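> Single-letter residue listing:
There are 2 protein chains.
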Amino acid sequence: MKESVFNKIRNEQFKGKVVTAEEAASWIKDGMKLGMSGFTRAGDAKVIPMALVERAKTEKFKVDVYTGASLGPEVDQHMAEAGIINKRLPFQADKGIRNKINADEITYVDQHLSHTAEQVRQGLVGPIDFAIIEALAITEEGLIIPTTSVGNSAIFVQEAKHIIIELNVSHPEGLEGMHDIYTPARQGERQPIPMTATSDRLGSIGIPVDPEKVMGIVVSTDLDAPSTIVPPDEETATIASHLINFLREEIKAGRLTESLAPLQSGVGSVANAVFAGFLDSEFTDLEVYSEVLQDAVFDLIDAGKVKFASGCSITLAEEKGKQVYGNLDQYRDKLVLRPQEISNHPEIIRRLGLISINTALECDIYGNVNSTHVSGTRMMNGIGGSGDFARNSRLGIFVTKSYAKGGKISSIVPFVSHVDHTEHDVDVLVTEQGIADLRGLAPKDRVELIIENCAHPDYRPQLRAYFTEAVAQTGGHQTPHILEKAFSWHTNLMKNGTMLEAVLQVQK
Amino acid sequence: MKESVFNKIRNEQFKGKVVTAEEAASWIKDGMKLGMSGFTRAGDAKVIPMALVERAKTEKFKVDVYTGASLGPEVDQHMAEAGIINKRLPFQADKGIRNKINADEITYVDQHLSHTAEQVRQGLVGPIDFAIIEALAITEEGLIIPTTSVGNSAIFVQEAKHIIIELNVSHPEGLEGMHDIYTPARQGERQPIPMTATSDRLGSIGIPVDPEKVMGIVVSTDLDAPSTIVPPDEETATIASHLINFLREEIKAGRLTESLAPLQSGVGSVANAVFAGFLDSEFTDLEVYSEVLQDAVFDLIDAGKVKFASGCSITLAEEKGKQVYGNLDQYRDKLVLRPQEISNHPEIIRRLGLISINTALECDIYGNVNSTHVSGTRMMNGIGGSGDFARNSRLGIFVTKSYAKGGKISSIVPFVSHVDHTEHDVDVLVTEQGIADLRGLAPKDRVELIIENCAHPDYRPQLRAYFTEAVAQTGGHQTPHILEKAFSWHTNLMKNGTMLEAVLQVQK
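Line order of the protein sequences matches chains A and B.
For the record, in the first sequence the residue sitting at position 496 is 496 according to the UniProt record's numbering, with numbers rising by one throughout.
For the record, in the second sequence the residue sitting at position 399 is 399 according to the UniProt record's numbering, with numbers rising by one throughout.
Derived from the structure by calculation, the hints contain no laboratory data.
Hints may be right or wrong, so weigh each one.
Identical chains share a label here; the pair holds if one copy fits it or two copies do between them.
Here are the simulated DSS-like cross-link-like pairs (lysine-lysine), alpha carbons at most 27 Å apart as the crow flies [unchecked claim]:
#1 K60 to K444
#2 K252 to K405
#3 K408 to K485
#4 K17 to K161
#5 K444 to K95
#6 K495 to K485
#7 K444 to K495
#8 K485 to K444
#9 K444 to K87
#10 K444 to K62
#11 K252 to K87
#12 K252 to K33
#13 K444 to K33
#14 K485 to K405
#15 K15 to K29
#16 K33 to K405
#17 K322 to K2
#18 K213 to K62
#19 K444 to K29
#20 K252 to K161
#21 K95 to K401
#22 K307 to K15
Remember, it's a predicted structure, so these values are computed and weren't measured experimentally.
Given the sequences, and given the hints that come with them, work out the whole structure.
Structural data, given as structure tokens:
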């Protein structure tokens, strides 16, 4: 055993367990259920998945893959494309697996990210044959130290029949001590989660494990796949600017202070750009209580804007990753990584009163949001944590550009083709056009704000016409609709390649 | 002052404040915002609303009415029909006000029942000019003892500029001591809610009030309007039977014990019938953690089946009310009434791991539920607490008859015309036909269970045909739909009076 590995396995009971990836992969049989570490391309096991992909060249088998969130290419691209994933949950964000899902070749269960752990605990997800967990080290006390994410690893380790550890020697040692592992007891037997501030520590620095269950340790040197977010553009910067102006108004109204409230932001480029917008703002002493900590969070820490960030994973672009992981000591007292059950827990989200910022695919004139399904049928990524946060936060904000595909798609439609967030949970909508504050408003009173402030000007006449006709046809019901035409924008897009009505007119 | 009244105002600072209903009503001006006690026809102020209705005969004015939930006829029928309600939230269930809402004459904001208090605290609902609170007594310490509900009274009293108390001398004195008033601090400044069992007491027996804010006390003798639920029929009894068999299977699977988990049931006849079903079951030592405690809960206490019930209101039919209120001592150690912010709090619902049972208007083949809008446009009652409970409970169960209007309407449709509960939050669906356990299933895998187990046989061929065509058209996307036909059942109903396709065929 190399010294670097020897030093990372600090408990005698684990030292004799090192095996090759091929051997560990050989234990995994057709039909098994795997609980894998990883959350948004961070902290996922990599070499065992690739050994499974290799095995698939000569052997037919399929497994269920349960994770924290989306994984890197080893699983969500290569395992998917090798045809060895039967069922996948609770989130993905890779084209490789997405195509298989929408071709009915992989069963995908899209779940609230705080819910999976409860379902594992109840045995509804599982029983899990193998937990496969990337680790930074195994401590003297036998704790598994996670790497760049915690995700669902703690509950997988607790509930799985067997465990395989991928000991990754390439992650910086400074990650040790940044995790806070707290696992609630069964429902009905648990105590309040003892957290009243984003920086509170509740548990241990690693995941407790029964050494008997650990079948093998595989050494890995593969780094996380870097994040795929793109830098802010003019429109996402404008969205950030509208949002920050709105928060200034909330301060004036006495509903927020200068340090705002703990911020949550969904994964992806738009959400990252919104956070980046805080860089040039006057706000300071900010706190983050989120799932993924993306580049902008670290830029805000570097700039002295964010004083503490709690997440369940760190997902960075290549350059930012080098800087952060090369200087981890700077972040030691400003970061904590928690299980996603805690980072996304309604109890904490409501108690701390988060400001949550998540991305919409489309929003309708009454404020219902579709986060997941293109044209109502084709899965994009998944709901992720947006439902955990939006429903329970102080301010549930959704952001989107007002259009897509060069204007052929309006993000504001008469009736969303799939509902992930109901009218009850969408407080504020922001596009590059402006902002609609929907709080306390009845459905009909939201319409003008959404159309005039958020929709792209090209689509406003069509939206106004739909609403006017719907009001006339129903006589002013609570939520006027013309059901025959509710999805006509989507069907127009499918038939004519655009939601713009001019084409409809020509077709008539 | 009559002795009965004198004895109920036990603090000197309040004794001089008694006025007539007419005088109190005269303080309420056009445009004011009223925070009123009451939750599902229980514990609402009655004589001041009727004095306002009287005033409306000679004066034009309108007020906003914020409450706990639906109120009795004094407000939700008579004030509505008198045209003096401008805006109403967060819930109603009266034909009088419903007609005005759907004629665009009253603005109605349909909210999660746990959310209103947060919005009042933030000033988004409000600022409240007058809290009008029915009380059983004012204690020596100056606490307002509520009557048959707590609802949002505590937060209204805390945040309102002025308070009027309707001291109701007809309610039984034994209600005193049954309330537990606990109000969380502002978000970000609050502690965990210190509850780990349904019977835990967290606060005081009455609502703390600044005596300076109390402008008047009006004496009332009017009793709550009795509940309008109808007794279980053959079909609701069958629904209960399916549900109880399902719970037996959960025990066998090791996910529940013989005492189940704290039960929540929505308001109304179907939900009451389901609870009544437990009467003939083997289950014992049951606990209820719900909003409204309806007749069946007391029947279950009487039968020794329920050992403790926590709610935020008691709403009973006339006969049951006489029995319960005539023998309140029997229930003293088995009941607690809390603010709805606590009875419906996601923190507690998730911690205790409730089994929640709520009513659907319609459900689609993928498990999305419409609880509120007839044909997607016309408001029925409101979402109530169903969203608070279903999202955060251990088991989110929805019940409905499989059909309505003598078979002209199918409660199972291709695409619900309004979404209140998304596919992510609906664990189990029960109709008189059977039960669909949707937990852990992908959308396409839910379809057969919902159609074959829950839909009425008359509608199954149509549902199968829709799904088959949708799968073929999309090539097996995550959630197959034919958007052109998604609402064809609803439009057929509007045009031809039925969702049955035979009529569609004839029309072609």
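> Hint by hint, say whether it matches the structure.
To see whether the hints hold, each was checked on the structure:
1. K60 to K444: between (56 Å within a copy, 25 Å between copies)
2. K252 to K405: Classified as neither; 38 Å inside a copy, 52 Å across copies.
3. K408 to K485: Both, since 18 Å and 23 Å are each at most 27 Å.
4. K17 to K161: Within one copy only: 17 Å inside a chain, 69 Å across chains, cut-off 27 Å.
5. K444 to K95: The answer is between: 20 Å across copies meets 27 Å, while 38 Å in one copy does not.
6. K495 to K485: Close inside one copy (15 Å) and across copies (15 Å); limit 27 Å.
7. K444 to K495: between (30 Å within a copy, 25 Å between copies)
8. K485 to K444: both (18 Å within a copy, 26 Å between copies)
9. K444 to K87: Between copies only: 13 Å across chains, 41 Å inside a chain, cut-off 27 Å.
10. K444 to K62: between (50 Å within a copy, 19 Å between copies)
11. K252 to K87: between (49 Å within a copy, 26 Å between copies)
12. K252 to K33: Between copies only: 22 Å across, 52 Å inside.
13. K444 to K33: between (47 Å within a copy, 20 Å between copies)
14. K485 to K405: Answer is both; intra-copy 22 Å and inter-copy 26 Å each pass.
15. K15 to K29: within (25 Å within a copy, 79 Å between copies)
16. K33 to K405: neither (39 Å within a copy, 46 Å between copies)
17. K322 to K2: within (25 Å within a copy, 81 Å between copies)
18. K213 to K62: within (23 Å within a copy, 69 Å between copies)
19. K444 to K29: between (56 Å within a copy, 26 Å between copies)
20. K252 to K161: For K252 and K161, only the inter-copy Cα distance (21 Å) is at most 27 Å; the intra-copy one is 55 Å.
21. K95 to K401: within (21 Å within a copy, 41 Å between copies)
22. K307 to K15: Result: close neither inside a copy nor across copies, 39 Å intra and 53 Å inter.
Of the numbered hints given earlier, the model fails hints 2, 16, 22; all others are met.
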